[in-house]
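With the hints as extra help, turn the sequences into a complete structure.
So the sequences go chain by chain: A and B.
Residues in the first sequence are numbered from 42 upward in steps of one, following the numbering used here.
Residues in the second sequence are numbered from 1204 upward in steps of one, following the numbering used here.
In short, the hints are calculated from the structure, not lab data.
Be aware that a few hints might be false.
A short, non-exhaustive set of chain B residues, derived as facing chain A with CB atoms under 10 Å [what the hints assert, rightly or not]:
| # | residue |
| --- | --- |
| 1 | T1283 |
| 2 | A1521 |
| 3 | W1607 |
All C-beta atoms, glycine included, are put in the ideal place defined by N, C-alpha and C.
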Amino acid sequence: MAVVEGAGRTVDEAAVRARARDFLAAHDEAAGPPLDFLRARFDAGLAWVHFPEGLGGLGAPRELQAAVDEEFAGTPQTDTGRLAIGLGMAAPTILAFGTPAQRQRFLRPLWTGEEVWCQLFSEPGAGSDLATLATRAVRDGDEWGVDGQKVWTSGAHFARWGILVARTDPDVPKHRGLTYFVCDMRAPGVEVRPLRQITGEAEFNEVFLTGVRLPDDLRIGEVGDGWRVAQATLMSERVAIGGTPIRRGGGMLGAVLAAWRERPELRTHDLHQRLLRLWVEAEVTRLAGVRLRQQLAAGAPGPEGSGMKIAFARLNQELSGLDVELRRDEGLAYDDWTFRRSESVDFFGRGPGYRYLRAKGNSIEGGTSEVLRNIIAERVLGLPAEPRADKDVPWKDLPR
Amino acid sequence: MTLLYSEVEEELRSAVRDLLADRCPPAAVLAAVVTGPGMGAAVPAGSVTGAAAAPGPGPALADGAGTGAVIADGAAGSGTVGGLWPALARDIGAAGLLVPEQLGGAGATAREAAVVLEELGRAVAPVPFLTSSVLATRALLGAGTDAARELLAALAAGETVAALAVPFGTSPYAPEAAWAGRVTVAGGRLHGRVPAVAGAATAEVLLVPAGGALYAVQAADAEVEPAVSLDLTRPVAAVVLSGAPGRSVGPNLRPVRAALELGAGLLASEQLGLAEWCLATTVAYVKERRQFARPVGSFQALKHRLADLWLAVAQARAAARNAADALARAAMPETDPPPAAPAEPVSAGVTPAEPPDAVPPGAVPVTVVPVGTASAGGASVQAARAGAGAGAEVAIAVAVAQAWCGEVAVTVAEECLQLHGGIGMTWEHPLHLYLKRAKADQIALGTPGDHRAALARLADVPGPPAG
Ligand SMILES: Cc1cc2nc3c(=O)[nH]c(=O)nc-3n(C[C@H](O)[C@H](O)[C@H](O)COP(=O)(O)OP(=O)(O)OC[C@H]3O[C@@H](n4cnc5c(N)ncnc54)[C@H](O)[C@@H]3O)c2cc1C
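Quick look at the structure:
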């Protein structure tokens, strides 16, 4: 394969593979603790090759990561499910808007898994309309005092840091009075309570912030610029959720196909026709993802990523629903309703009932499919916005 | 593999697009089709055209269509746009795109042909590129005879237009049905009838499968009966042969099977172009059209539908590009090799005189070899091409593209009509040309259901056990 199209610099696949092999020849992963190996991998620029040199990368095209991951197969890995928010959202945001000191401080332990991140965006009164959020941050010298309530916060119970959006100016329209922070989840006044989900367990929580003191050097971006920073996070989130590379016939489709192939007695003509349609839809979605990543090879995620997330959610829901239906009597059973505080989504370790229920969240988390359709309609197709009443009104005067 | 467009492909696209913008605007296509067969002689007295009441930027009227004038010229017109095909075929070189350089072609691949088809779809252009420069051309490539090479040179030069005389709905997975028993050959003379042949009305040479081989027949020696067709811009015709002299151009029908697969894969790019035009036209219209004191495009019910269509088209683009790329990477052989897997079982009813490609109607269709599975008594053109593994990859890419794009083009055209309201129902607005093409394309070269059924075998998603 030649140099990837759109690359800013000429770092080709052969070069990154060679670098990975040199690294592996020099580092015996069995010799020391896995963490040492992961840190050394980060320091060698082989963590995420599209990040800059010195921050775990080589400034190479994103596409080359697959080759590096291939070389590192069988070596110590992090649990990317547990680290999803850090890797998919916090890291690109810190890279784009963080100070050099913040990048140095946060990115390495984020990637090695030493520090887990959560996302403190949604609130009881602010979901799709995130910009209406009410958590207040008030400046006090070199510190900020934060008060408010966040909700649906996945992983808050084991996170070291949270990305937080708070209102710093209630007197301007809602999008303008926000500021983006890193919240120290160990700070006094941070209280995390589990929220039980339809699957029985609690991945997400409500988080109460009461008089939390955050030093100003935990602020990301300018005061009042939080909306723009949060947009970058949300775009990255959608790419992370919808754009994960899978192989043909993999992902949720793979789970259904395994049962389908093993259990001929469960097959019906109706299910066969539906499964073939979904097979095709999964494949064209996979190909659209490949194409999108080729387009993004050098650039930043655009609103197109929203389309992938809609497709991914739909497919996961349809396929997991078909999986339960296919099993008939077995589909009437559920594996485990225990209320436990889980640390990641376990699509493939759990049963079809769990997959069906958990996939329902795919069209809500990270922006609902309705909101994503609005984004495509307005930002990709250029259709006019709905008439709205909240654009130029100071946040404090909005009806609630 | 890249699913993006190369610089060369973009240059080719803009050349084709410029030509079409110049010679083939919607009004020209409309004007061309009203002279086609089945159009009647005149606009009935008192007919009302809705264009006067058309809101927004009204579509251009076909010449004379609004005046009640007699608009059909009486002759069974071919529905062509004057000067378009020569410019596309010769000046741009589209006719010889897939023909090797030593025969005077461009030696390009399916990727470039796909880009041309996207543009032709976008303009719903009435030209024989798919039927002559893709289907007929591929049926001759790989035939390995001098007669085929001679014809290819003439096609590449844009001197001759050919059509493959099989019904346009022929599935690449069961092509035997298309030719078995239709045409007989005796002493170099052909007898029989082939219905629903696309591109036949404008072809000078017809490539006719008969007796397990491929024959070239001069259209002048056959009767070509244009049918009143759903698709105005690519009408079909019956080819009737009553002792027409045929020149043998291919000793077997393997290249014809390959042509059907290539055609199906590339048709996806035409469908993509159709869908893109329909989506862009609809988005532009709903931004302009105002009701309830706001653009109708600001209503969320419409925005969400259009967002879904955009996503479906994005998926279609990836699928069509993937098929073109896979077809481009599968080498085009001098001579299509015989199937790699064991030959089809000789079914009862095949006379010993007939080559194995000729299977009587009702015979078990050729089974396509699933990935990594040994073929049990079935061979496929895909497997024949480059060994079962790579061939199956191409076959999957083609089937996925057709299964998806065939449906998407129809859906987008139907939504385009609905979101235009009344103007969408008028003859004057060109969108019906796209709907008719999209609906015909859904049937052409296998329905989406045929392609999904093939995927059941190719991707190992078996149906319920028999019984
Ligand atoms: C499993 C899961 C994990 C989550 N994890 C996190 C997390 O870690 N951190 C975090 O901050 N948040 C998290 N969320 C929250 C998630 O981002 C919000 O639930 C989501 O943004 C929707 O907000 P809401 O729940 O308030 O619904 P609402 O915004 O109240 O929406 C209700 C309904 O109205 C529709 N709707 C709203 N506005 C519009 C509109 N303009 N046009 C059309 N329809 C509209 C929605 O699509 C939805 O169907 C998680 C959610 C789930 C389900």
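Hints, one by one, checked against the model:
1. T1283: Violated: closest Cβ of chain A sits about 34 Å from T1283 of chain B, beyond 10 Å.
2. A1521: holds (4 Å)
3. W1607: holds (5 Å)
Violated hints amount to a single one, hint 1; each of the other numbered hints is respected by the structure.
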